[in-house]
Each structure stands twice: as structure tokens, then as C-alpha cells.
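Protein chains: 2
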Amino acid sequence: MKYLIQKFGGTSLGDDEKRRKVASIVIGAKHNGFLPVVVVSAIGRSGDPYATDTLLSYAREHKKEPTPREADLLMSCGEIISGVIMSTTLQKSGCPAVFLTGAQAGIITDGTYNNARILKVDPRHIIRHCREGKVVVVAGFQGVSEAGEITTLGRGGSDTTAAALGVALGAVSVDIYTDVDGIMTADPRIVTDARPLETVTYNEICQLAREGAKVIHPRAVEIAMQKGIPLRIKCTFSEAPGTLVTSQDEINKGAIDITRDRTITGITHIPDITRIKINTGEAANIPAFQGRIFNALALAGISVDFINVHPEVVYFTVKNADAGKAVKILENMEIKPEVLPDCAKVAAVGAGMTGVPGVMARIVDALAEEKVLILQSADSYTTIWVLVKKEDMEKSIRALHRRFDPCR
Amino acid sequence: MKYLIQKFGGTSLGDDEKRRKVASIVIGAKHNGFLPVVVVSAIGRSGDPYATDTLLSYAREHKKEPTPREADLLMSCGEIISGVIMSTTLQKSGCPAVFLTGAQAGIITDGTYNNARILKVDPRHIIRHCREGKVVVVAGFQGVSEAGEITTLGRGGSDTTAAALGVALGAVSVDIYTDVDGIMTADPRIVTDARPLETVTYNEICQLAREGAKVIHPRAVEIAMQKGIPLRIKCTFSEAPGTLVTSQDEINKGAIDITRDRTITGITHIPDITRIKINTGEAANIPAFQGRIFNALALAGISVDFINVHPEVVYFTVKNADAGKAVKILENMEIKPEVLPDCAKVAAVGAGMTGVPGVMARIVDALAEEKVLILQSADSYTTIWVLVKKEDMEKSIRALHRRFDPCR
Chain X
1 MKYLIQKFGG
11 TSLGDDEKRR
21 KVASIVIGAK
31 HNGFLPVVVV
41 SAIGRSGDPY
51 ATDTLLSYAR
61 EHKKEPTPRE
71 ADLLMSCGEI
81 ISGVIMSTTL
91 QKSGCPAVFL
101 TGAQAGIITD
111 GTYNNARILK
121 VDPRHIIRHC
131 REGKVVVVAG
141 FQGVSEAGEI
151 TTLGRGGSDT
161 TAAALGVALG
171 AVSVDIYTDV
181 DGIMTADPRI
191 VTDARPLETV
201 TYNEICQLAR
211 EGAKVIHPRA
221 VEIAMQKGIP
231 LRIKCTFSEA
241 PGTLVTSQDE
251 INKGAIDITR
261 DRTITGITHI
271 PDITRIKINT
281 GEAANIPAFQ
291 GRIFNALALA
301 GISVDFINVH
311 PEVVYFTVKN
321 ADAGKAVKIL
331 ENMEIKPEVL
341 PDCAKVAAVG
351 AGMTGVPGVM
361 ARIVDALAEE
371 KVLILQSADS
381 YTTIWVLVKK
391 EDMEKSIRAL
401 HRRFDPCR
Chain G
1001 MKYLIQKFGG
1011 TSLGDDEKRR
1021 KVASIVIGAK
1031 HNGFLPVVVV
1041 SAIGRSGDPY
1051 ATDTLLSYAR
1061 EHKKEPTPRE
1071 ADLLMSCGEI
1081 ISGVIMSTTL
1091 QKSGCPAVFL
1101 TGAQAGIITD
1111 GTYNNARILK
1121 VDPRHIIRHC
1131 REGKVVVVAG
1141 FQGVSEAGEI
1151 TTLGRGGSDT
1161 TAAALGVALG
1171 AVSVDIYTDV
1181 DGIMTADPRI
1191 VTDARPLETV
1201 TYNEICQLAR
1211 EGAKVIHPRA
1221 VEIAMQKGIP
1231 LRIKCTFSEA
1241 PGTLVTSQDE
1251 INKGAIDITR
1261 DRTITGITHI
1271 PDITRIKINT
1281 GEAANIPAFQ
1291 GRIFNALALA
1301 GISVDFINVH
1311 PEVVYFTVKN
1321 ADAGKAVKIL
1331 ENMEIKPEVL
1341 PDCAKVAAVG
1351 AGMTGVPGVM
1361 ARIVDALAEE
1371 KVLILQSADS
1381 YTTIWVLVKK
1391 EDMEKSIRAL
1401 HRRFDPCR
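Chains X and G are the protein sequences, given in the same order.
Letter 141 of the first sequence, counting from 1, is numbered 141 in the numbering used here, and no numbers are missing.
Letter 362 of the second sequence, counting from 1, is numbered 1362 in the numbering used here, and no numbers are missing.
Do not rely on the hints blindly, as some may be mistaken.
Derived pair list, reagent style DSSO-like, types lysine-lysine, alpha-carbon separation capped at 30 Å [as the list claims (entries may be wrong)]:
id, chain 1, residue 1, chain 2, residue 2
1, X, K120, G, K1227
2, G, K1336, X, K277
3, G, K1390, X, K277
4, G, K1371, X, K336
5, G, K1328, X, K371
6, G, K1328, X, K395
7, G, K1002, X, K227
8, X, K277, G, K1389
No lab work stands behind these hints: they were computed from the structure.
None of the values given here were measured: they were computed from a predicted structure.
Bound-form chain X, shown alone (with noise of 0.2 Å):
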């Protein structure tokens, strides 16, 4: 039994005609032998895979907001509708079709509402299904708890969803089916000659993404990873050949030791980030100053990047949207920090730049050449990541891009 599992998001189901074309791909999969097991996210504004922000606005907008298992109640809808006008799309193509909820499906988590963890499939319902000669579509993003309640997966829960059911079927390939050819080198709307990558390790596509690359979530790669099941990165509506993730063993069938031939895998970046600056060289005991500030802001819930501490200086990252309530809780501790907002992190991602010697040099040169100021810099094995303002950021990226010219 070939199992194939073909994910497609928000961006791919939001009008009849894209919807037909989806019908295409599927009953295409099914006459070529594969039995599909279609995951779906709900129907998304444009830009905006999982329009569960849609579904809370209703609640909110009775003055209330729902507490978390209602929310996970009302925000598995969005998979339900999706999911449901999507089986009957594969009935009226004449392709006998079921939709299963989460829960039918047999995606149990554990009781953490909005951010579950799959703890087992149950894959006997799909099974059944598809031995009667149907394609089951599946809700994505949702399961349910051995308690019974019905629960999310939290972001990126539909990849999840689609991995998780590749493994547990052992499916040949889980599909992830997006708007774009694939994962590029870099975002194709700021380089213009970026390309799309044939085949990338599992681990370079999670630095990828959680470097900002959008393509798929790292937890849904783990899994796929876990057990060795190859996803593909596919664009629903072109007939590029999209990105294998695997491992690296399968990109180098043969070769024992590893040869990594390119340095760079890709250019990344997050916007609308808020550079935080504090002068902690007068404070009579530095380091317990420090640990203060660090604390103050864990304990508010704010979520801090890029953090440099010196003994003079801290620098630290935080989302636009999270800056000023950061301010007020170091203004509240009598800190005045000097706040930097609209700056934007680039980073150069690759395993292939372990040990290659002078890889920051020429970031730093590729930089100058364009006059961009680093505002901060920081680097891992895999990753070297700069801070610029948010006007340098297209430049920036397009400078490293073409330096680096990532390619396959």
C-alpha cells in the first residue's frame, strides 16, 4: 500500500477554481497507484495559511475571550470547513472522497490546548477508508486528547498533522503543496535570481525555518525526520519540481565521509524586530543588574533574541509588537534603555560553513560593499546572523545572495 500524504495550505483551497485544480493533483496521485491521504489547513486569507485568527474574532467580538479549550474548539472549524469543502469537491470530480476530523482521523495529543503534541496516531479509520477505494481528507492542525477533548496543534500544525500521518502510515512522501516552487535560496520577492533548492537536508530546512524561511515548520521536519519519510515542498500551481528534504545519506548515496559542496543553503530574515540597548557599566553590581533585567522580561513573557551581554552593554532583540511593554518593565526598574525599532535580522544559513575558515569576513566585506552598518552580529556552526536596520535589509540580502550564490 503506497501511501501518499499531500498537504495543502490555506493559500491553496481559498476559491472553486484553485480547489478543482487540488482535485487535479489528488485524483492525478491516485490514478498513478498512490493512495492519498489529503491534510488540510483552513481556508486563509491571503498571506495567512491558518485564518484562526478569522474564527477568534468572532468570540471576541462578544466582549469575551474564549478560554482555551473553547478556543480549540472553535478554532478546529477552520480545518472542518476547509476539509469538508474539499471532500465534496473530490466527490463532484467523480472521485469517491470522506472527510475525517482530527479525532476520526486518530491524531491523539496530549491535554495542552493551543500547542498539543501528537503522542500517537490511529491510523485505522483512514485505513479502512482508503481500502474501500477512497481519498481521505483530514482536518489538519487538530487531534484530541485520551481524554476526549478536542485540541490544537499550535503554529504550523498542519505540517505536523501531515508528517505525523506519514509516519504513521509509512507513506512514501508526505507532500507539502505551498504558493511557491519550493524552498528558495532566498525570498524571491527581494531577489529576483533566487532559486529554488532541488534537495536540502532535514536539518538545513529547519534552520532555514526557523531563521524565517516560511516554507514549513520545523516540529512537522522532526518527525518526518525521525523516521527517514522524504517531504516534498511542492507549488500547487506550477509544474516546478519543488524541494526534496531528506537526509543527508540519501543526498549522498555512496559516499561515506560527507562532502558538502555548498557553504550557504540560504538567505534568510525576519522583519519588524526592536533593538534594546542598556548601559549596565555604572550599576554597582553588574551581574546581578543583568540577571534582573533578563528575569523581569522571562517572567513578563517576553520573548528575547540576540542577545549580547557585555560587562558595560546589553543588547538585546524583542518583536516591534513586544517593545513597549518591554520599555515599561525596564522603566519600571528605573532603566532607560535606548530603543531601536524596525530593525530586521538577516541570516546566512548552512551546515556547510562549519570549519570553512573566513565565511564572516565575507559577510562583513559583502555588507561594506553595499554600506550597510552592522548593528549587531552573532554566529553558530551553521548560521551567521546580522542585525540591520530594517531599510538596509532588502540590500542586504540581496548583497549576501550574491556573494554566496547558494545553489543545489
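For chain X, the structure is supplied; the task is to place chain G on it using the hints.
Just chain G, lined up with the frame of chain X:
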């Protein structure tokens, strides 16, 4: 055929008593139905598993540095000597044994002297000898290019040989024998209650090794990971179970989504580094000036680490041993660096810290309690690094170990 690779470092082979202990381990494995293939490092001075320095010093006594080709020929003798001694010890213990050089064992590398990569393994000779009932002892750290030149594999070379043989023979395990009880949560000479980790993932051990944990080389881990061959880090001289290195999947059998229970896997350290600070705020063209600094250092082959670039100031670290050269290069550019020798990089490593809020706050706080001044910090998804003065290194390690209590 259950092949078992057993790799012994130089500290396990230093005298006849130790070698008899090694022989008893090998013979024990044979009695348990395994086909042991033994990989040996050169017999080292204490603390130096690859005592290649000694061999090179023979050549240097004649005031002549050997060519890279000849240095490899010379260095390859270290493992030939220890391998012949070890196979003789096995024979004296009544166990049929044969010694093979890297070339005889079929370790085919590229032609990069001193740092060759294994391209493939042709295990025919090993298999034939094993079938004849012999224990095969293989010289680690060396191979032969397709042109027939003897090459060595660079740092961690014997681990790499062991892992590559494990893959080529489909071994049940690659056992790395050393003088510690496994992979420790911190250096037991510094943290008295440091514990061996029972299991770690391939990714975790790579990260620990890069941050200074000396037990196994990341390249060997990457090779084993490609084919899912388990590694075991064990002590030659104790009955401790050691550490099993395997995939998250194996550790987490049955669960679909990965649930990580430990935030921090271990605390590592790299001593003897020098921090260099350069004020760049006065330069006419700051980005260009910064570019020149890093290019000059890269050109001189100086490995820089822990780079923090800001508009007004650039920080980075070099090994203490490289500091003089780095300063000279900078002074030739009419730059006056501020030099802080004898620093140490302490890292908290753990895949489980990804997405856990407040980890940095806990680190700053734990160090503040010990009145440790953080000279610099950096963080990635799996590691938080702090730079401290050498005299603060041990109490920093202890404070972080106490705070996070890494466990299995």
C-alpha cells in the same frame, strides 16, 4: 555476521597491563558471538591520544619540516606501531589476530594530505580475515588515495575510521573506548557530581563535541548518523555502561512527536582564548573598516570565534596561541586592539532549550549569584555561550551545572 567495531584511543594502549585489558574486552566480544574489528590510535603520551607530535619532532630535529606528503607517511607509523603491538598482544592471549594498515583495510580517501576525507571503504580484506576466525586490528587515522598515496585524516581521525568501518560493515555498534565513563554532563575534574549521560542523540553529541567535550570527533558522529549505526562511548577500565549515541527516534520509541525532557544536555568549556576588542566608531567608513579587519585575519589563516560586530565596536576571540600574530596584523593596519588574554568560553548545550523561554535569564542569574562577570554572550537554538575570565571558568561551569542539573 554481527560485526562490532571497537576503537581504542592511545590512553588505553599505553602499557602492557592496559593492552591485556583491551585484549580481554576484544576476546570477550568474540566469545559473545560478535566479529570484532579493532581500530587503534597511536600510543600517546597521557592526554594526547594521537601522539603525532612525537613523530613529527623526529623530523624536525633535523631542522627540516617534512612536506605534507612525507608528514603523512611519518604520522601513519604511529598507528602501525600500536596496531602491530595490539595484534601481537591478542595473539599472545591465544586469539588469532591480524593487523591491517588503513590502505590494507580498504580506507580510500581523497588526496588531501593531513586532512583527507574518506571517499569509500572496500572491506574485502577485513571480511576475509574475519571469516577465517581472526580479529582484525586496523590502523586508525590513515588511508590511501586512489593514486596510492598514504594520507592521514586529521583531528579525530581514528574515530572517523571506526565510524566508516561501522557503516561499511553494517556493524551492530561502534564502541569508542576511552578513559572516562562516557559522555559527562560536565568535566568531572571541575564538577564533582558530573554524571555520564545514558543516551544522547547524534545531534547532541556533535554539539557537545564542537563546544569542547573531547570524547568523540563530530565527523565520526556524522558518518555514523548517516546510516543510523549506534555509537557507544565506554571506559576501557571500568564496568560503567557508558553512553549510547543514537537517533532521537531510537531514544523515543513509539512516540510520534518529539518530547524533550531535558533543557540542557551538558556544560562544556574551551579555555585559553584571548578576547580582542577594536573600537570602530571613529572610522570614516565603519563597514569598510570592519571588512578590512576580518579579511586581514582570514587571509592570515587566523581562526576567529565569538564575533560580535557593532557599529562602534568589534569583539572577537582567538586562541591564546594565535593572539600575538593577530595583534601584529592589526597593529600593521594601525589599529590598537584592546587585548584580554586568558578567557574561557563556557557553553550550555541542549536541543531541549529551543523555544523554552527564560533560559538566558537563568544563565545570567546563575552566574550573577557567583559574581561572575560575563564578558560576552551569544546564543543559538541549541547552545548559549558565555565568555568569562579564566579564573571564573570553573565556578561558572559549576554554577550552570547546578542550575540546570543535566540528567539523562
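Hint check:
A threshold of 30 Å between alpha carbons decides the hint, and for K120(X) with K1227(G) the separation of about 25 Å falls inside it, so the pair holds. For the hint pairing K1336(G) with K277(X), the CA-to-CA distance comes to about 25 Å; that is within 30 Å, so the pair holds. For the hint pairing K1390(G) with K277(X), the CA-to-CA distance comes to about 27 Å; that is within 30 Å, so the pair holds. About 24 Å separates the Cα atoms of K1371(G) and K336(X), which keeps this hinted pair within 30 Å; it holds.
For the given pair, K1328(G) sits about 27 Å from K371(X) by alpha-carbon distance, which is consistent with the 30 Å threshold. Our distance criterion of 30 Å between C-alpha atoms is broken by K1328(G) and K395(X), whose separation comes to about 34 Å. Only pairs whose Cα atoms come within 30 Å are accepted, and K1002(G) paired with K227(X) is accepted, the gap being roughly 24 Å. For the given pair, K277(X) sits about 23 Å from K1389(G) by alpha-carbon distance, which is consistent with the 30 Å threshold.
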